[in-house]
Amino acid sequence: MKKVDCIGLFCPMPLYMTRKAVEEAEKGEIIEVLADDPAAKKDIPEWAERMGHEVLEIEEKDGIYRIVIRKG
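Letter by letter, the sequence shown follows residues 1 to 72 in UniProt numbering.
Keep in mind the hints are simulated off the structure, nothing from the lab. Be aware that a few hints might be false.
[What the hints assert, rightly or not] Restricting the straight-line Cα-Cα distance to at most 27 Å, the calculated cross-link-like pairs of lysine-lysine (DSS-like) are:
#1 20 - 2
#2 71 - 20
#3 42 - 2
[To be verified] Cβ-Cβ distance ranges computed for the label pairs, FRET-style:
#4 63 - 3: 13 to 23 Å
#5 63 - 27: 31 to 41 Å
#6 50 - 30: 12 to 22 Å
Keep in mind that this is a model prediction, so the values were computed, not measured. Here a beta-carbon is modelled for each residue, glycine too, at the ideal position from N, C-alpha and C.
Given only the sequences and the hints, what does the whole structure look like? Please build it.
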């Protein structure tokens, strides 16, 4: 599982870093994104689905968003 740590970064960096990690991943690979920018909770899953990837999990704990994506 690839991990993308975007804590402390604001839009558009979490989406940019996620996109780069997904581009480098193999089809079917899992990418875990951690972010504390509230926009990431909406922007990253919307982008992933629009690009044909599967959003497996979205959770928030103590102000940290964890978004898990499977590359399509």
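Okay, which hints does this one fail, numbers in order?
none
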